[in-house]
Amino acid sequence: MRRAYATHFPAGDLQVTTSRVELLLAIADDELFLGWRNSEWTGIAPFLEEDVAFSSIAQNEIGHARALYELAAAELGTTADELAFDRQPDEYRCAPLVQLRKLEWARTIARHWLYETADEIRLEALKGSDDAEIAGIAAKIDREEAYHRMHAEMWIDRLLSSDEGRARLSEAVDELWPYALGVLDDELRPELRRHAEERLGRKLPDVQPIPRGVHEAELAELWEEMTMVRRSAPAGARW
Amino acid sequence: MVFEVFRQERKGQPFQHAGTVTAPDESFAEIYAREQYGRRQESVALWLVPREALHQISEFPDEFEMKYRRVDGYSIKARLREAREKAGTLEMAPGGEAGE
Numbered sequence: 631m632r633r634a635y636a637t638h639f640p641a642g643d644l645q646v647t648t649s650r651v652e653l654l655l656a657i658a659d660d661e662l663f664l665g666w667r668n669s670e671w672t673g674i675a676p677f678l679e680e681d682v683a684f685s686s687i688a689q690n691e692i693g694h695a696r697a698l699y700e701l702a703a704a705e706l707g708t709t710a711d712e713l714a715f716d717r718q719p720d721e722y723r724c725a726p727l728v729q730l731r732k733l734e735w736a737r738t739i740a741r742h743w744l745y746e747t748a749d750e751i752r753l754e755a756l757k758g759s760d761d762a763e764i765a766g767i768a769a770k771i772d773r774e775e776a777y778h779r780m781h782a783e784m785w786i787d788r789l790l791s792s793d794e795g796r797a798r799l800s801e802a803v804d805e806l807w808p809y810a811l812g813v814l815d816d817e818l819r820p821e822l823r824r825h826a827e828e829r830l831g832r833k834l835p836d837v838q839p840i841p842r843g844v845h846e847a848e849l850a851e852l853w854e855e856m857t858m859v860r861r862s863a864p865a866g867a868r869w
Numbered sequence: 003m004v005f006e007v008f009r010q011e012r013k014g015q016p017f018q019h020a021g022t023v024t025a026p027d028e029s030f031a032e033i034y035a036r037e038q039y040g041r042r043q044e045s046v047a048l049w050l051v052p053r054e055a056l057h058q059i060s061e062f063p064d065e066f067e068m069k070y071r072r073v074d075g076y077s078i079k080a081r082l083r084e085a086r087e088k089a090g091t092l093e094m095a096p097g098g099e100a101g102e
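Chains as they are written, first to last, in my numbering: chain H, 631 to 869; chain L, 3 to 102.
It is worth saying that the hints were derived from the structure and are not from the lab. Among these hints, one or two may not hold up.
Stated by the list, open to error - The list that follows gives simulated cross-link-like pairs (lysine to any residue, SDA-like), each with its CA atoms no further than 20 Å apart:
#1 Lys833/H with Gly795/H
#2 Lys770/H with Arg41/L
#3 Lys757/H with Gly693/H
#4 Lys833/H with Arg819/H
#5 Lys770/H with Arg36/L
#6 Lys732/H with Val844/H
#7 Lys770/H with Arg42/L
#8 Lys88/L with Ser77/L
#9 Lys833/H with Glu801/H
#10 Lys770/H with Ser77/L
#11 Lys757/H with Asp815/H
#12 Lys13/L with Gln43/L
#13 Lys770/H with Gly40/L
#14 Lys13/L with Arg53/L
#15 Lys770/H with Gly665/H
As the list claims (entries may be wrong) - Covered stretches of chain L (chain H as the covering partner; in silico rule of three or more C-beta atoms under 8 Å from a C-beta of chain H):
#16 28–40
#17 58–69
C-beta atoms are modelled at their ideal positions from N, C-alpha and C, and glycine is treated no differently.
Please put together the full structure from these sequences, using the hints given.
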């Protein structure tokens, strides 16, 4: 993983991180930010059932983020809250895919499906880890993600079944494809490509992945909103 | 399509109507029903039924008011009171009232 990030942590002395912590933070940050983006549809989704579904998926993602932050926090000697909220924007390890904001519906569905597909591949790899804690949490998360995947796959079926749906989905997937590749490490990218191309029944563009370490401008905006309440009280305040 | 959702509180309990879900097909309906009626472990099971599959019956003719067919259509108390009045033994009945 590229070490493109600042390594200052708010609890003062945590200058050294391990690759285990890097891994946990990357996934946790992905889930936290994607949870936020999904929750932005609350109240304005195309219809009520999707409003509920996306809100619910968002909550699950944030739950996963919390569990992962707890593991990283234990190793670093800090708390999940501090890891989630007290870093500066450039210290987060999330993939650019989850930072994109105000995607319209076709792109939202495309991102949802691309992320869930990439995440499945990532979780499958982690479930085989020698690290019992990591393997355990990956298995737990995977069992809940099964429902997210069902939801995403249903949408793909639905969109592929009509000309307009297929066209819109294609456009959205092509646009987000370099971001999707950036969610995974090098060695897992071919599997994502194989899986996506088979599902969509066509070849996807040959592009450079947009990897972690590149932050979208929208991240800073989201960070402002996400940490506003926490920052409104002095450091060390009890919540 | 509108689906009616029934939920079962605990194993062995009857399924009760909980609400509806609107979805283009069964698989979407299932996802939505899980989200809307199953997020908090409040039921052990859900039934999803397309509204068209339900047949409602609300007309029950009762032209002759055949009360003798019903459990509540035959009152022991009233009959006993009549009989005691006839026999003049109303005051002797236990509690001084007919057939408690």
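Check: For the pair supplied as a hint, Lys770/H and Ser77/L, is the alpha-carbon distance within the 20 Å limit?
Finding: violated (63 Å)
Next item on the list: Take the C-alpha atoms of Lys833/H and Glu801/H, compute the straight-line distance between them, and say whether it is at most 20 Å.
Entry: Holds, because 13 Å separates the two Cα atoms, which is no more than 20 Å.
Note to self: Between the alpha carbons of Lys833/H and Arg819/H, is the straight-line distance 20 Å or under?
What the structure shows: holds (14 Å)
Margin query: Run the distance test for Lys770/H versus Arg36/L: straight-line Cα separation, threshold 20 Å.
Written below: With Cα atoms ~19 Å apart, Lys770/H and Arg36/L stay inside 20 Å; holds.
Item checked: Hint consistency between Lys732/H and Val844/H [alpha-carbon to alpha-carbon, up to 20 Å] -> holds (19 Å)
Check: Given the hinted pair Lys13/L and Arg53/L, is their alpha-carbon gap at most 20 Å?
Finding: The given pair, whose Cα atoms are some 25 Å apart, is violated under the 20 Å limit.
Next item on the list: Would you check chain H against the region 58–69 of chain L, counting CB to CB pairs closer than 8 Å, and say if three or more residues qualify?
Entry: It is violated: at least three residues are needed, and the region 58–69 of chain L offers just 0 whose Cβ sits closer than 8 Å to chain H.
Check: Can the restraint linking Lys757/H and Asp815/H be considered satisfied, given a maximum Cα separation of 20 Å?
Finding: Distance ~16 Å between Lys757/H and Asp815/H Cα, so the pair holds.
Next item on the list: State whether the coverage of the region 28–40 of chain L by chain H holds or is violated, taking the criterion as 3 or more residues with Cβ-Cβ distances under 8 Å.
Entry: Check passed, 7 qualifying residues.
Margin query: Next pair to validate is Lys770/H with Gly40/L; report whether the Cα-Cα distance is within 20 Å.
Written below: holds (19 Å)
Next item on the list: Sort out whether Gly693/H lies within 20 Å of Lys757/H, counting only the CA atoms.
Entry: holds (18 Å)
Item checked: Straight-line alpha-carbon gap Lys88/L to Ser77/L, limit 20 Å -> holds (17 Å)
Hints 10, 14 and 17 from the earlier list are contradicted by this structure; the remaining hints agree with it.
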